[in-house]
Amino acid sequence: MIAPATADSAFVSIHGVSKRFGGVTALNGVSLDICRGEFFSLLGPSGCGKTTLMRLIAGFEDPDAGQIAIDGADLAGVPPHLRSVNMMFQSYALFPHLSVWSNIAFGVKRLGLDRKAVASRVDAMLGLVQMQELAKRKPDQLSGGQRQRVALARALARQPKVLLLDEPLGALDKRLRKETQGELKRIQALSGTTFVVVTHDQDEAMALSDRIAVMRKGEIVQVDAPGTLYDRPANRYIADFIGEMNLFPATIAELSQGRALVAAKGVPGTVTVAANSAPAGEGYWLALRPEHMRLGTGEGPDADHWLPARVIDRARLGAQVAYRLRGKDGDMLQAVVASTSSDASFAAGSEIVIGFRAGDAQLLRD
Amino acid sequence: MRQVSQQRDWGLRALIGLPFLWLCVFFLAPFLIILRISLSDPASLQPPYRPQLDWSRGWEGVTDFLAGLDLENYVTVFTDGLYASAFITSLRIALVGTVLTLLVGYPLALAMARASRRWRPLLIALIVMPFWTSFLIRVYAWIAILKQEGLLNQFLLWLGVITTPLEILNTEIAVQIGIVYSYLPFMVLPLYAALERHDPALVEAAQDLGCTPTQAFWRVTLPLSLPGIIGGCVLVFIPVMGEFIIPDLLGGSDTLMVGRLIWTEFFSNRDWPIASAIAIVLLAILAVPILYGQRRAVSGVAG
Chain A
1493 MIAPATADSA
1503 FVSIHGVSKR
1513 FGGVTALNGV
1523 SLDICRGEFF
1533 SLLGPSGCGK
1543 TTLMRLIAGF
1553 EDPDAGQIAI
1563 DGADLAGVPP
1573 HLRSVNMMFQ
1583 SYALFPHLSV
1593 WSNIAFGVKR
1603 LGLDRKAVAS
1613 RVDAMLGLVQ
1623 MQELAKRKPD
1633 QLSGGQRQRV
1643 ALARALARQP
1653 KVLLLDEPLG
1663 ALDKRLRKET
1673 QGELKRIQAL
1683 SGTTFVVVTH
1693 DQDEAMALSD
1703 RIAVMRKGEI
1713 VQVDAPGTLY
1723 DRPANRYIAD
1733 FIGEMNLFPA
1743 TIAELSQGRA
1753 LVAAKGVPGT
1763 VTVAANSAPA
1773 GEGYWLALRP
1783 EHMRLGTGEG
1793 PDADHWLPAR
1803 VIDRARLGAQ
1813 VAYRLRGKDG
1823 DMLQAVVAST
1833 SSDASFAAGS
1843 EIVIGFRAGD
1853 AQLLRD
Chain B
23 MRQVSQQRDW
33 GLRALIGLPF
43 LWLCVFFLAP
53 FLIILRISLS
63 DPASLQPPYR
73 PQLDWSRGWE
83 GVTDFLAGLD
93 LENYVTVFTD
103 GLYASAFITS
113 LRIALVGTVL
123 TLLVGYPLAL
133 AMARASRRWR
143 PLLIALIVMP
153 FWTSFLIRVY
163 AWIAILKQEG
173 LLNQFLLWLG
183 VITTPLEILN
193 TEIAVQIGIV
203 YSYLPFMVLP
213 LYAALERHDP
223 ALVEAAQDLG
233 CTPTQAFWRV
243 TLPLSLPGII
253 GGCVLVFIPV
263 MGEFIIPDLL
273 GGSDTLMVGR
283 LIWTEFFSNR
293 DWPIASAIAI
303 VLLAILAVPI
313 LYGQRRAVSG
323 VAG
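Listed in order, the protein sequences are those of chains A and B.
Using this note's numbering, the first residue of the first sequence is number 1493, and each one after it goes up by one.
Using this note's numbering, the first residue of the second sequence is number 23, and each one after it goes up by one.
Derived by calculation from the structure, the hints in this document are not laboratory data.
The beta-carbon is built from N, C-alpha and C at its ideal position, and this holds for glycine as well.
Heads up, a few of these hints could be off.
Stated by the list, open to error - The following residues of chain B were derived to be distant from chain A, with all beta-carbon distances above 12 Å:
id, residue
1, VAL225
2, GLY232
3, PRO235
4, LEU278
5, ALA306
Said to hold, decoys possible - Here are the computed distance ranges between Cβ atoms for each label pair:
id, chain 1, residue 1, chain 2, residue 2, range
6, B, SER290, A, ASP1632, 54 to 60 Å
7, B, GLY33, A, PRO1588, 36 to 42 Å
8, A, LEU1603, B, PHE239, 16 to 22 Å
9, A, LEU1605, B, ARG318, 54 to 60 Å
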C-alpha cells in the first residue's frame, strides 16, 4: 500500500480557503489541519463561517479560493456523493417516507455491497446506537434523542473518513444533551472516525473535543486543545468566548527580558506579567479568571494586588460560590471561590477588597 | 356549566348543519331529480319525459308512477356502441391529459418550490392569474392560435420548421393542448404545496449518502411529493372526464366526449332520460377517483 502523501497531522488539510456569498465574505483565507481519528470542533458565534466551512468539506459549496484535501486527495470538483465524507444534519434530515432501518440502509445500498452485507452493516449500526427495537418505526414516531441517534447511525453507516456533525446536540434538551455528549464520545472512540463538529456552544465544544478551532468573521482565531484555549487564550476575543474573564484595560509601561510592567485601569500600582515581544503601549488587557480572584476584608498575603470592591450578589453553584462585584470605577468583576473557603460568606452589599497574584494575570490584545 | 356546553353543542351543530343543508338542497336534490329522469321514458310532452307523478290520484298515482320507471336507458347506454365509445374516448383523453398536465406541471412546481422565498408569492400569483379571465374566452383564444392560418402556424412557417400549415385545430391534439393549458393550475398548486413543505436538507442528505442529483430526485423528492401528485391528478382527471367546452371548441367532430354527448342528448335530441342516464353513469365512474382522493386526503390530515 502506498502511504498517503500527507502526514497524519494533516488528515484533513484545508489551505487558504475563501468563500463569498454575494457581497458577504463567509470565509477569508482559512487554513487548518485536522488529524486522523481526532474529535475536532469548529466553534464560533452564528455567522462566523463555521457552517460554510463544513459545507465546503461536504461538497455542497465550492470554495472561491484554496484547497481542501482528505487523506492526501484533493477534493476540488468532487461532487458530494463521491466524497468519503458524511454529514449529520442539524435538522437530522431523516427521510420521512422510510423506516429507521431503510434510512440507515439508504447510503449503504449505494456502496455496491450485496444484500447480505448491507443488512449486516445496518444491523451493526442499529446496535451501535442501541436502536434495534425501533428499526421498523418511521422518523415521526421517534423522540428527538432517538432521531439524533438514527441520524448518527445513517451518517456513520457508509464508514466515512470524516464525519461532519452540524450542531449535533442543538435540538436536544439540556438533560439529554449531557447524556448524548458521552454517547458521541463513546461512538467516536469505537468507530475511530474523524469527527468534525460545528457548534456555537463553548461548553459542548470544551467537553467533547480533542482540539477546537475558534472562528470569528470568517477567520480562525486560535486552534488548540480545550485546556490550552482556557489557560492561554490568544487574545481577548478567545478569553471572553471561552469561559469568564475579568478584564482591565492596560498599558505596557516597560518591557524587559520577557516581562512587562503593566499599568491597568482600576488596579493600584503596576503589575509585572510575562510577555514576549509585545510592543509597548496601549491596547492591552490585563486578564484574570474568576477562580483566580481572592476576597478579603483587608489586604492580605495571599494576593499581590488588591483593589476595593462592593459585593453585588452571591450565588451558590454546587461546590462553588460565584460573586459579582463592582470596582471603584464602576466596572463589573467576577470571582468564584470554593464554598468551603472563608471567602465564601460575604453578603451582598459588603465593602471588601478583591485581589490576585501577578502570576495568574495574563496580558492580552484585542 | 352543562347548559353552556349544550349551547355550544347546538352552535356547532348549526355550523356543520348549514353547509350540509346547502349540499342537500343544491347537490343531493338535483341528483335525485336526474336519477328519477334517468329511469323514465322520453316523451313529446312538457317536461319531455314520462311517467309524471299524479298526486291527485292518491296512492294509485304513486304506484302507477313507480311502475312506469325502468332501467331501459341504462341498458341502452351500455349496449349502444356510440355511448360506450364516448365513455372510452373521455377516459382516454382524461388519462392522457392528466399525465401530460403532470409532466408539464411537475417541473414547474419543483422550480417554484426551489425558488427563493422572495419570488414564490409572485410565481403563485402568475399561476393563478389566468383565473381572472373567463374560462370560455381563454379556450376561444386558442382557436386563434391553433387554426390553419393562426399564430402558431404563422410562427412555425416564419421559422421555416414547416412548409405547409399544420392541421391542429379540430383534432385531439388541440383538445389535449386546451386541457393542459386550462388545468395546469389545478396540478401545479397541490404539487407545489407538497414539494415546498419538505426540508431542503433532505435532498442534500440523499446526495451526501451517495445519490447523484437524479437519483436523489427519484428516491427522495418524488416519493415525498406523492400526495401532491395524487391530489393534482384527481383534481385534473375528474373535471376533464366531464369536460364540454374544450372538446366542443377545439375538438373535431370525431372527438366525442361524454360531456358533449350529454349536451347533444339534452338540447338537440331532447332525450332527457338518456342524457340523465349518461350523467349518472359518469358520476359512478368518477366516484372511484373521488373516493380514493378523499381517503388519501383524510389519511394525509390524520397522519
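Do the hints match the structure? See the list:
1. VAL225: Per Cβ check, B/VAL225 is inside 12 Å of chain A; nearest 9 Å; violated.
2. GLY232: violated (3 Å)
3. PRO235: violated (8 Å)
4. LEU278: Per Cβ check, B/LEU278 is outside 12 Å of chain A; nearest 42 Å; holds.
5. ALA306: holds (33 Å)
6. B/SER290 <-> A/ASP1632: 54 to 60 Å: holds (56 Å)
7. B/GLY33 <-> A/PRO1588: 36 to 42 Å: holds (38 Å)
8. A/LEU1603 <-> B/PHE239: 16 to 22 Å: Given range 16 to 22 Å: holds, Cβ gap about 20 Å.
9. A/LEU1605 <-> B/ARG318: 54 to 60 Å: Roughly 36 Å apart at Cβ, these two residues miss the hinted range, so it is violated.
Going through the hint list in order, the structure does not satisfy hints 1, 2, 3, 9.
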